[in-house]
Amino acid sequence: MSHSLTKLTFGDLIRQHRVSAELSLNDLASLTNVSKGTISKIENGEVKKPEFKTIRTLAEALNIPYDTYIEMYIELERNPEVLHTMLDDAITSCKSILLIDKIATKYLESDRADSYEAAERLFHTTSCIQDSSTKLMLYNRIVDYSRSHGIMQFIAKGLLQKYLIERNDFSKLKETYQLGRSTLDYINFLSEKEKTTYFYALGIHAFSLLNFREAISLMERIVLNEFSESVYKTTALFNMCNSYYYLGQYDASQSYLNEYSALSHPDVEENVRILNALLCGKRDTTEGIKHLQRYIKNKPLDYYIIFAVTELMELYLIDKDYSAAFDLLSYEGPMKKALNDERTTPFKIATFAHFYKLAGNLYINNDPNTACKYYLNSVSAYAGIGDIERVFLVMANITELLTSDIELNQETRNKINEVIKSIGRIG
Numbered sequence: 001m002s003h004s005l006t007k008l009t010f011g012d013l014i015r016q017h018r019v020s021a022e023l024s025l026n027d028l029a030s031l032t033n034v035s036k037g038t039i040s041k042i043e044n045g046e047v048k049k050p051e052f053k054t055i056r057t058l059a060e061a062l063n064i065p066y067d068t069y070i071e072m073y074i075e076l077e078r079n080p081e082v083l084h085t086m087l088d089d090a091i092t093s094c095k096s097i098l099l100i101d102k103i104a105t106k107y108l109e110s111d112r113a114d115s116y117e118a119a120e121r122l123f124h125t126t127s128c129i130q131d132s133s134t135k136l137m138l139y140n141r142i143v144d145y146s147r148s149h150g151i152m153q154f155i156a157k158g159l160l161q162k163y164l165i166e167r168n169d170f171s172k173l174k175e176t177y178q179l180g181r182s183t184l185d186y187i188n189f190l191s192e193k194e195k196t197t198y199f200y201a202l203g204i205h206a207f208s209l210l211n212f213r214e215a216i217s218l219m220e221r222i223v224l225n226e227f228s229e230s231v232y233k234t235t236a237l238f239n240m241c242n243s244y245y246y247l248g249q250y251d252a253s254q255s256y257l258n259e260y261s262a263l264s265h266p267d268v269e270e271n272v273r274i275l276n277a278l279l280c281g282k283r284d285t286t287e288g289i290k291h292l293q294r295y296i297k298n299k300p301l302d303y304y305i306i307f308a309v310t311e312l313m314e315l316y317l318i319d320k321d322y323s324a325a326f327d328l329l330s331y332e333g334p335m336k337k338a339l340n341d342e343r344t345t346p347f348k349i350a351t352f353a354h355f356y357k358l359a360g361n362l363y364i365n366n367d368p369n370t371a372c373k374y375y376l377n378s379v380s381a382y383a384g385i386g387d388i389e390r391v392f393l394v395m396a397n398i399t400e401l402l403t404s405d406i407e408l409n410q411e412t413r414n415k416i417n418e419v420i421k422s423i424g425r426i427g
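When we follow the working numbering, the leftmost residue of the sequence shown carries the number 1, and every step to the right adds one.
No lab work stands behind these hints, which were simulated from the structure alone.
As the structure is a computational prediction, the values presented were derived from the model and not from experiment.
Built from N, CA and C at the ideal position, the CB exists for glycine as well.
It is possible that part of the hints are untrue.
[Claimed, not checked] With a straight-line cut-off of 30 Å between C-alpha atoms, the simulated DSS-like cross-links for lysine-lysine are:
(1) Lys337 x Lys297
(2) Lys348 x Lys415
(3) Lys95 x Lys53
(4) Lys172 x Lys348
(5) Lys172 x Lys373
(6) Lys290 x Lys337
(7) Lys337 x Lys348
(8) Lys102 x Lys49
(9) Lys421 x Lys373
(10) Lys348 x Lys299
(11) Lys320 x Lys337
[As the list claims (entries may be wrong)] So the derived label-pair ranges between C-beta atoms look like this:
(12) Asn298 x Arg181: 37 to 45 Å
(13) Ser20 x Gly45: 15 to 23 Å
(14) Ala262 x Ile406: 49 to 57 Å
(15) Asn168 x Thr370: 30 to 38 Å
(16) Asp341 x Glu407: 34 to 42 Å
(17) Ile318 x Glu400: 19 to 27 Å
(18) Ala21 x Lys337: 55 to 63 Å
(19) Glu71 x Thr345: 39 to 47 Å
(20) Asp341 x Ser20: 54 to 62 Å
(21) Gln293 x Tyr246: 19 to 27 Å
(22) Asp284 x Glu407: 39 to 47 Å
(23) Thr68 x Arg147: 30 to 38 Å
Make a model of the complete structure from these sequences and hints.
What follows is the structure, encoded as structure tokens:
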């Protein structure tokens with residue numbers, strides 16, 4: 001059989017690159033501190049599978065591509081310790097996800113490793129990785145491996161970590177919420193700390209999707225089981241206050257707000273102030289307007305400025321105080337800046353989208369082109385969080401303008417057509 005049809009060995013690989021580099025055995029030995037005898041045995045095939053550190057040293061000296069010698073090595077290696085060392089090396093060196101996946105798979109498949117210990121060790125290794133794409137790939141690998149080996153604990157842990165990564169993609173909130181809910185089947189295999197993290201994350205997610213009743217149900221599990229004033233418990237209680245508020249159950253919202261106001265967390269005082277102002281507006285429009293005007297005046301760049309301005313816009317429109325409503329449009333800049341806060345949630349973005357819709361309603365009768373501009377801003381904001389239902393609700397306002405006798409300028413019509421095309425791609 002000709003050499004070209006035989007499988008390339010480590011000996012072939014080292015010899016080819018050494019000769020190409022015009023190095024003698026002595027030269028390579030001197031360069032790498034690997035003995036001439038060891039190199040000779042590798043090249044002659046006397047050593048079929050050299051130690052990993054030896055191959056890595058020779059390969060680096062000869063500029064052999066990392067992927068080339070690693071893929072050759074994992075085909076031969078069965079020792080889980082060596083494979084894990086190779087995996088750490090690939091992760092630390094930021095190698096391709098494909099290669100990391102191959103090494104991790106080989107590590108899990110090693111017949112010399114206990115399946116539970118292999119899943120556990122890979123899970124801990126993955127938790128230390130910074131790159132979210134690599135983490136997600138490895139958690140998927142852990143879940144698949146754990147399913148095939150009946151390791152319930154790491155099915156649960158892997159699913160939870162997958163969910164915590166994927167929920168950060170605001171454009172796929174509904175899809176990732178279902179992924180999160182699938183973890184419920186394995187909830188008893190999580191630690192108490194992990195359960196709290198899970199219910200909190202899923203509760204915030206439900207709130208962002210306007211599933212307020214489900215958000216309350218999930219947050220109640222934290223409030224009832226967390227005995228200290230942890231950040232989770234404090235935030236969960238405030239989330240319940242807000243959920244009842246948006247359900248229109250203002251007495252329940254106020255009741256939980258009273259309980260929340262007794263907590264000592266640094267954000268409590270500010271949160272109570274804004275929600276009290278919102279609740280006041282639901283009971284008495286005039287008093288609500290006063291409270292919100294005062295809040296906005298004192299907090300022009302505050303995290304809650306979007307909620308305060310949007311609610312105030314609603315009240316002005318109810319009161320038919322259109323002049324005051326037009327004045328609120330000057331807060332668009334500060335509201336955009338408030339979105340840059342790291343605590344910004346999809347619900348906050350949805351509230352800003354609603355503000356744009358209200359601004360469109362404000363202009364609808366006297367400046368349809370400007371109304372369309374605000375409607376299109378609303379559509380873009382809703383599309384950014386994957387809220388297709390509300391995208392089409394706002395588009396209905398634009399469609400009504402297009403089919404009416406009102407003349408829209410060509411620039412507006414072009415922008416509408418662009419948005420319609422992009423919505424088609426999203427759908």
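Consistency of the hints with the structure:
no.: 1; hint: Lys337 x Lys297; result: 16 Å, holds
no.: 2; hint: Lys348 x Lys415; result: 25 Å, holds
no.: 3; hint: Lys95 x Lys53; result: 17 Å, holds
no.: 4; hint: Lys172 x Lys348; result: 16 Å, holds
no.: 5; hint: Lys172 x Lys373; result: 25 Å, holds
no.: 6; hint: Lys290 x Lys337; result: 24 Å, holds
no.: 7; hint: Lys337 x Lys348; result: 12 Å, holds
no.: 8; hint: Lys102 x Lys49; result: 18 Å, holds
no.: 9; hint: Lys421 x Lys373; result: 16 Å, holds
no.: 10; hint: Lys348 x Lys299; result: 17 Å, holds
no.: 11; hint: Lys320 x Lys337; result: 28 Å, holds
no.: 12; hint: Asn298 x Arg181: 37 to 45 Å; result: 40 Å, holds
no.: 13; hint: Ser20 x Gly45: 15 to 23 Å; result: 19 Å, holds
no.: 14; hint: Ala262 x Ile406: 49 to 57 Å; result: 54 Å, holds
no.: 15; hint: Asn168 x Thr370: 30 to 38 Å; result: 34 Å, holds
no.: 16; hint: Asp341 x Glu407: 34 to 42 Å; result: 41 Å, holds
no.: 17; hint: Ile318 x Glu400: 19 to 27 Å; result: 22 Å, holds
no.: 18; hint: Ala21 x Lys337: 55 to 63 Å; result: 57 Å, holds
no.: 19; hint: Glu71 x Thr345: 39 to 47 Å; result: 43 Å, holds
no.: 20; hint: Asp341 x Ser20: 54 to 62 Å; result: 56 Å, holds
no.: 21; hint: Gln293 x Tyr246: 19 to 27 Å; result: 22 Å, holds
no.: 22; hint: Asp284 x Glu407: 39 to 47 Å; result: 42 Å, holds
no.: 23; hint: Thr68 x Arg147: 30 to 38 Å; result: 33 Å, holds
Comparing the model with each numbered hint stated earlier shows that all of them hold.
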